[in-house]
Amino acid sequence: MPHLTEDDLVLHYYGELEGDAAGRAAAHLQECGACRQAFTKLQRVFALVDTVPEPALGDGFERIVWARLQPGLEHARHGWGSWFVLPPARLAWLAAIVVLVGAAFFAGRLSRPTTAPESTAMAAATGKDLRERVLLSDLSEHLDRSQLMLVDLVSAEGGQDVDVPVERTRAEQLLSANRLYRQAALDTGNLAVAQVLDDLEQVLVDIAASPEHVSAEDLAAVQHRIDDKGLLLKVRVLSSEVQKRQLIKRRAFTS
Amino acid sequence: MPHTDAAAVALARDGDSQAFRALVERHSRAVYRLAHRMTGSPQDAEDVVQETFLKAYKQLGRFESRSNFGTWLHRIAVNCSIDLIRARPHREAAHDAADLDQFGGDERGDTTRVSPERLMLSTEVQEAVTAAMSSLSQMERAAFVLRHFEGHSIDEISRALGLKTNATKHSIFRAVKKMRIALEPLVSMD
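Protein chains in written order, with this note's numbering: chain A, 1 to 255; chain B, 1 to 190.
It is possible that part of the hints are untrue.
Here chain B is said to cover these stretches of chain A; the calculated rule only asks that three of the stretch's residues, wherever they fall, bring their Cβ under 8 Å from a Cβ of chain B [claimed, not checked]:
#1 4-16
#2 22-36
#3 51-59
#4 217-223
In silico BS3-like cross-links for lysine-lysine, where the CA-CA straight-line distance does not exceed 27 Å [stated by the list, open to error]:
#5 Lys229(A) <-> Lys244(A)
#6 Lys41(A) <-> Lys169(B)
#7 Lys164(B) <-> Lys177(B)
#8 Lys177(B) <-> Lys41(A)
#9 Lys234(A) <-> Lys244(A)
#10 Lys229(A) <-> Lys249(A)
No lab work stands behind these hints, which were simulated from the structure alone. Yeah, the Cβ is synthetic: ideal placement off N, Cα and C, and Gly gets one too.
Chain A extracted, bound-state conformation:
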């Protein structure tokens, strides 16, 4: 019998050789020192692969997963046409919005409104524009609400100033939408926007998963995270880009 190829050895290792081939390979390995050595080497390579440890997960991992998940389950319970489960067409629009806003955010400015002829502007005011305006409005509201929450958190002094149940509910409500915007940003390659939304999501998760009583130290840690990443400023800039985009669309629609 000819020597076993590496592919044969791989299939033999995984028990995937079919029929007589499995028996023939086993018999050949008994007789052939070269193939046996190659098989031993392969086994040792796989043994090394198996030494890689599992990714480390913190004690609160399950709590965080649940905090992220729970708002989505609420939406799921109230029907699948909800915001959380976006039909592909709406998701495509969301992605398009993120591309537009992301390009402006990345460039640090928005292009000026074009001075298109009135007839062109009117022609453009189609259902497409209306849907885009609705989504811009949703995104704008999301960023505004997120900003308000961040301001409340940053300006709170000591654990007593934070109404935990209220903040937790706000965070839960913001989480699922934020995740969708972040995914749309990632899928469309807007990494700068995705990073801001990811930073925001970390804070939202912290709040959504917080216990009934937040200590001053816990609050300080959240405030530090917000400060450290300049999160409030970044969300403001992103929000400002969205508002500019809204203004452009509104002017185009009404002109």
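Given the structure of chain A, go ahead and fit chain B onto it with the hints provided.
Just chain B now, kept in the frame of chain A:
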């Protein structure tokens, strides 16, 4: 908290969110580990965890009580990982196997410098394995992880990935070849 998955599923079907929470708490780490291996990214793994439990929640009505919830969830997680891999083809262009020389040195390797026991414990090995895994294309990685770590048969993997059996085999062969070239120099053959 319900003592068994079957009891938790029955309550969750009736709208008991705490019962579903119990299922999330029991299984989310396993789902994350699978997703992390499949995608190679912590953030993607987190997204897969979310999608997996959302899909499970929506499909609880279709879950057959006599089945194992963990196995059923595992299948959903594999599909969610594959969907995400397909949706984000940013790393599909893999390094050529020859590029792996940087991890493994030449094919003969210097296997005498460190004892095997020490190597097994060293971060050098872990870094080399992680780098070798990162060099796989996403399909190679998915096929290899499902075969090597998850113990799925090649036929099962072909169905999950939507590939022909031969294409799946070749994905696994390519993955193993890359891993071997990268790691063989670290293997002692005393």
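Against the structure, the hints:
1. 4-16: holds (count 6)
2. 22-36: Since three or more residues must qualify, the claim that chain B covers the stretch 22-36 of chain A is violated, with 0 doing so at under 8 Å.
3. 51-59: With 6 residues in contact (Cβ-Cβ under 8 Å with chain B), the coverage given for the stretch 51-59 of chain A holds.
4. 217-223: violated (count 0)
5. Lys229(A) <-> Lys244(A): holds (24 Å)
6. Lys41(A) <-> Lys169(B): holds (20 Å)
7. Lys164(B) <-> Lys177(B): Distance of about 20 Å is within 27 Å: holds.
8. Lys177(B) <-> Lys41(A): Satisfied, since the Cα-Cα distance of roughly 12 Å is no more than 27 Å.
9. Lys234(A) <-> Lys244(A): Between Lys234(A) and Lys244(A) the Cα gap is close to 15 Å, so the pair holds against 27 Å.
10. Lys229(A) <-> Lys249(A): Roughly 31 Å between the alpha carbons, so the hint for Lys229(A) and Lys249(A) is violated.
Of the numbered hints given earlier, the model fails hints 2, 4 and 10; all others are met.
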